[in-house]
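Once you have looked at the hints, place chain R on chain S.
Residue numbers (the working numbering), protein chains in the order written: chain S, 1 to 267; chain R, 1 to 261.
If you're looking for bench data, these hints aren't it; they were derived computationally from the structure. Each hint should be verified, as a subset may be incorrect.
As the list claims (entries may be wrong) - Across the chosen pairs, the derived CB separations fall in these ranges: (1) R:G125 to S:R120: 31 to 37 Å; (2) R:P180 to S:A133: 44 to 50 Å; (3) R:A22 to S:M176: 46 to 52 Å; (4) R:V86 to S:E191: 45 to 51 Å; (5) R:V158 to S:H112: 16 to 22 Å; (6) R:P20 to S:R120: 48 to 54 Å; (7) S:E128 to R:L250: 34 to 40 Å; (8) R:Q211 to S:A141: 28 to 34 Å; (9) S:E128 to R:V155: 41 to 47 Å; (10) R:P180 to S:T256: 46 to 52 Å; (11) S:T253 to R:R253: 54 to 60 Å.
Stated by the list, open to error - Partial selection, computed: residues in chain S whose CB lies under 8 Å from chain R: (12) L62; (13) T66; (14) L82; (15) W98; (16) L107; (17) F135.
Cβ coordinates follow ideal geometry from the N, Cα and C atoms, glycine included.
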Amino acid sequence: MSELASAKSTRSAVELGGVDKRFGDVQALSGIELTLDDGEFVSLIGPSGCGKSTLLRVVADLEQPTAGTVQVGGKPARQARLDQDYGIAFQQSGLLEWRTVAENVELPLHVHGVGKAERRARAAELLELVGLADFAGSRPAQLSGGMQQRVAIARALAPQPKLLLMDEPFGALDEMTRERMQAELLRIARESGAAVLFVTHSIPEAVVLSDRVVVMTPRPGRITEIVTGRRPGRADLEPDDVEDVRETAAFFTAVTAVREALRKGHG
Amino acid sequence: MTGPSLATAAPRRGGGVLAPVALGVLVLVVWHVVVVAFAVPAFLLPTPLAIAQQFVAQFPVILSTSAVTGGNALVGLVAGFLIGLVLAVLAASSRLIAELTTPVVLAASAIPIVALAPVFTIMFGSTTEIARQLVVTVVVIVPVFVSAARGLRAVAPVHGDLMTSLAATPWQRARFVRLPGAVPYVMTGLRLAAPAAVIASVVAEYFGGLQNGLGSRITSAAANTAYARAWAFVVASIVLGLLFHLGGTLVERLVTRGRPA
Chain S
1 MSELASAKST
11 RSAVELGGVD
21 KRFGDVQALS
31 GIELTLDDGE
41 FVSLIGPSGC
51 GKSTLLRVVA
61 DLEQPTAGTV
71 QVGGKPARQA
81 RLDQDYGIAF
91 QQSGLLEWRT
101 VAENVELPLH
111 VHGVGKAERR
121 ARAAELLELV
131 GLADFAGSRP
141 AQLSGGMQQR
151 VAIARALAPQ
161 PKLLLMDEPF
171 GALDEMTRER
181 MQAELLRIAR
191 ESGAAVLFVT
201 HSIPEAVVLS
211 DRVVVMTPRP
221 GRITEIVTGR
231 RPGRADLEPD
241 DVEDVRETAA
251 FFTAVTAVRE
261 ALRKGHG
Chain R
1 MTGPSLATAA
11 PRRGGGVLAP
21 VALGVLVLVV
31 WHVVVVAFAV
41 PAFLLPTPLA
51 IAQQFVAQFP
61 VILSTSAVTG
71 GNALVGLVAG
81 FLIGLVLAVL
91 AASSRLIAEL
101 TTPVVLAASA
111 IPIVALAPVF
121 TIMFGSTTEI
131 ARQLVVTVVV
141 IVPVFVSAAR
151 GLRAVAPVHG
161 DLMTSLAATP
171 WQRARFVRLP
181 GAVPYVMTGL
191 RLAAPAAVIA
201 SVVAEYFGGL
211 QNGLGSRITS
221 AAANTAYARA
231 WAFVVASIVL
241 GLLFHLGGTL
251 VERLVTRGRP
261 A
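One chain only, chain R, in its complex shape:
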């Protein structure tokens, strides 16, 4: 009975990928033409072609620096995820802990990461990755804590009544309803935190320490007037951020599989 409307809806799916790709190509072409036609100086904006050439020339370096920056992002992401989750569970289980932790974590969300990076570098020394991983951890804790805490509070009234009618203990309520019910919220927090971890990892490198990551390569290339090279590392950072975003989305999909959207 609903055949015709379904049939017309089906062929539109391909447009979902094609449209943004076409737009991206168009932007690159216009970019190139504008830079060449108006003779824009390279320190303002190099051509996409020059950036691509640098990307290829620097590819081995890009791989090794991406591994360092990505590694820091991953360590911080995992640590921040676990800490944020544990804090949210503690906050949900005790009013006292909730009143102690919630304002502190929310205040942490107001900390500009630029303010932390140099301080951590001095605290932990400029020859370790710990300072950078710590910056990422702080950045990740907040979205994970906020969304996990919301999920742990969001118990449907009917589920609350059901567990009361079953005379469930507080631990049984947590185990059967609150914790599994919070999983989609926790996963949303992880998905939001994953690309933010890469941003934090790159930016943390702007403030000294080892010169082995994408962020430090961007600053040193720019300082040496190698603008196209700086842009090539920026592109690598974007790719790394996208990879983390995809990874977060994939984990979210896998964990919440079988649930209604």
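With the rest of the complex left out, here is chain S:
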């Protein structure tokens, strides 16, 4: 894990060039240019219909762009998906209810033919990481929503991806659980050294988590501004600091900047 974190290559985690996406007559994305560095945390924020989820799905190769290029870790998006180079978490946890928590975490490895002993060991390690080691044998239905979402994040991390794609994973959680999950996510991202592309519609959440906040506007969905987040050049930030971050002047400045950018996009 630590060698992943320290291996800072010049290769970018995601590279989007002139990406357009049409659904029939609707221009969902227009001229998207965006690069994520290795280990960088980038949030996509904007009102409903601005195409932020579509953009994430294009990176995941779950949607094909109408035009433009999508490179993930230096490969075409399709190849990156086939090579299981990224982990993904959705708004719903999407756990398989007939599998135990540990078996859910093992799923990506199971699909890629990793042996049973190795899967077991990796799942145990990941459940430790998300603080659910005691629930390895439980069924998803026995867990709370926040715990299910943590299992989904552990599952996304199972193949040791260099990129985590997250589509409003905390959208359905209550505020307190959400803040705790944000701190955990930052810790996990730092320990795994993965770059994160994070979709949200919460301004404070985007600012607290991100190196950069990408502000998008709808009709057509495009990037209007990129705001520096709460931790410029502070990849070493401790999760405990997340609480303090909310109190700092830099946090309020960034929140205001994102809010202004969103308002400008609407005007």
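Same frame as chain S, now just chain R:
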């Protein structure tokens, strides 16, 4: 915090069994009184007491005939369940097979079992149980196929996206998501088919063949004007149907244990 509402809800549970039992007893009493008071002839309706007496008197016969009818129902249920399941899996795995089988199976659901029973008896002879077991099989295939096919199609979008993101092969999608996801649907099909198997098994006996099951005893007792005896065998059929219903429900509960309802 929610203590009071939970406390008031708890003691009501006992009413779930008591109410239908009380209603059943009431119906039997009213039935008896009406038949006696208005001197209803036995061919119209015997008293519950007369039926009970016949049930006791015929008990050894009831046991052996129930075993035959129940056995046919069970053989047909298992065969129909397997055939319905295999057809549904094939239909889910290939569009061509789906287009071939779905209309045929749905057309089979429109076949009145009364139309099949005499034909099968002639085809397979009146000295075997095969015709009756076949009737049950046909009746069982339909609900199992329909609910299994629905379950195999019902993949949550998030699970579909997940398997795509994992670059899963079609077989892996089936093995990890579609087949296990369809299990509750398949079990619902089995639960619905189980009592229907008994109905089919009893009715199939109305159309000739061996005189060794509940259905054939009902027709012969009625033909001999032994109305209370006919009713005693009807009661035995009801009990057999309930047993199959309970068995189906039990299997469903066991298999889908640990899943959210």
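Status of the hints after comparison with the structure:
Between G125 of chain R and R120 of chain S the beta carbon distance is about 58 Å. The supplied range of 31 to 37 Å is therefore violated. Range check, P180 of chain R to A133 of chain S: Cβ separation about 25 Å, and the 44 to 50 Å hint is violated. Taking 46 to 52 Å as the suggested C-beta distance range, the pair A22 of chain R and M176 of chain S conforms, at roughly 50 Å. As the Cβ distance of V86 of chain R to E191 of chain S is approximately 48 Å, the hint placing it in 45 to 51 Å holds.
For the pair V158 of chain R and H112 of chain S, the supplied restraint of 16 to 22 Å holds, since their beta-carbon distance comes to about 20 Å. Roughly 49 Å separates the CB atoms of P20 of chain R and R120 of chain S, a value that falls within the hinted 48 to 54 Å. The hinted window of 34 to 40 Å between E128 of chain S and L250 of chain R holds, with their beta carbons roughly 39 Å apart. Hint check: Q211 of chain R to A141 of chain S, Cβ distance near 52 Å, so the stated range 28 to 34 Å is violated.
Look at E128 of chain S against V155 of chain R: about 31 Å separates their beta carbons, and that is not inside 41 to 47 Å. Hint check: P180 of chain R to T256 of chain S, Cβ distance near 49 Å, so the stated range 46 to 52 Å holds. Distance hint for T253 of chain S and R253 of chain R: a CB-CB separation of about 59 Å, consistent with the stated range 54 to 60 Å. Against a cut-off of 8 Å between C-beta atoms, the interface hint on L62 of chain S holds, since the closest Cβ of chain R lies about 6 Å away.
Annotation: interface hint on T66 of chain S violated; nearest CB of chain R at approximately 19 Å, more than 8 Å. Checking L82 of chain S against chain R: minimum C-beta separation of about 5 Å stays under 8 Å; hint holds. Taking 8 Å as the C-beta contact cut-off toward chain R, the hint placing W98 of chain S at the interface holds, the least distance being around 5 Å. With a cut of 8 Å, the hint placing L107 of chain S at the interface with chain R holds, because the nearest CB-to-CB distance is about 7 Å.
Because the closest C-beta pair between F135 of chain S and chain R is about 14 Å apart, greater than 8 Å, the hint is violated.
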